[in-house]
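Given only the sequences and the hints, what does the whole structure look like? Please build it.
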Amino acid sequence: MAVAELSSSLKTELNFSSKTVFQSNRFSNHRRSSFRPFYRSRSPRVTCSIAPNQVEAAPVAAKTEDPKSKSECFGVFCLTYDLKAEEETTSWKKLINVAVSGAAGMISNHLLFKLASGEVFGPDQPIALKLLGSERSLQALEGVAMELEDSLFPLLREVVISIDPYEVFQDAEWALLIGAKPRGPGMERAGLLDINGQIFAEQGKALNAVASPNVKVIVVGNPCNTNALICLKNAPKIPAKNFHALTRLDENRAKCQLALKAGVFYDKVSNMTIWGNHSTTQVPDFLNARINGLPVKEVIKDHRWLEEEFTEKVQKRGGVLIEKWGRSSAASTAVSIVDAIRSLITPTPEGDWFSSGVYTTGNPYGIAEDIVFSMPCRSKGDGDYELVKDVIFDDYLRKRIAKTEAELLAEKRCVAHLTGEGIAVCDLPEDTMLPGEM
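Here numbering that gives the first Met the number 0 is used: position 303 in the sequence shown is 302, and no number is missing along the way.
I should point out that these hints are in silico values taken from the structure, not numbers from a laboratory. Warning: the hint list may mix true and false statements.
[Claimed, not checked] Straight-line alpha carbon distances no greater than 35 Å define the calculated DSBU-like cross-link-like pairs of lysine-lysine that follow:
1. K93 with K260
2. K240 with K296
3. K300 with K260
Laid out in structure tokens, this is it:
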């Protein structure tokens, strides 16, 4: 229930602990602009821990507005408290806006609480979460907002829920695009590309229109590489370099398998690259990876295992997890999103790198341009990255990269109608998508 304004006397009478989520002067102007009433008619109430005799909300007249035209700040996050200037938390950074699509899904259920707690951006970084759902998931999204409210995260200054990407992406500095339709029984991969492509084309247009000009976009919804390409093609105002397709989970899976084989802990594995598509054509690169600073092939002498069993385990890990668990990965995907963000906002350790699906134009590896392809990246911690140049190739690696490159080029032709490049022609080489992976 949104409260449009509080009387000046009430503002001075309420005294809250500095640990509560009520905002200070520092954020009041920013937040007041986004406060809007709920778009469904309901009896007015304040959903926070204030005694009934302390706050009386003025009745709000029911409105018959298009639900898609309004965002909905939630509960306690809709209230503005103007505290005295000396009470302002001066040690915190400027508020950042993080938009999340598919916010009522299982991946988000793990991710949002990591974002709100300060685990991702730091213990001094206040955050506004803008959550995008669908008409079908809106009630569940309210439940997510209630849990965020009840968690009393001091850094979480604002929560907005909406079914309109133009509302959710307003001034977004990070956009985490998780929501996508999973492939159902009998659905062809070309059909999945088209259905999800339309979602990401629309979200690209919304980002282009209302997001921060330097917004960083991480696409999680599959097929994530081609969805990221569609999104960036529909957002020409945003640098193409700012779009990422999540392949960090694949990197983490590859590090796990190498560590198990070598009998070491995960942190001993470095320089791990996933090349190409987030599908079963992806290439986990053991040629450039290192264990305890040594080339993997010097530590693991079973080269046949590396080329066959290791590669296949990483490629098919998602499908095997679905068979075991009955659903696609959620918690580990959320962890990998956190890892991907941290890799961009934290300087990469000297000599190491990380994997991300990024735009290939201008790449130093000879990979086809104008696709989104997972490659090795380094960052200075400013949200940007550069491609690693000091990598080596052999015939085995080149051959595998060529296969995943061909798949992504075929996917690109299949969505040409969504990227403004003419009529779609679907000549997909084979069905390599992980079945059911979200």
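Here is what the structure says about each hint:
no. : hint           : in the structure
1   : K93 with K260  : violated (45 Å)
2   : K240 with K296 : holds (33 Å)
3   : K300 with K260 : holds (10 Å)
Hint 1 alone, counting from the list given before, is not met by this structure.
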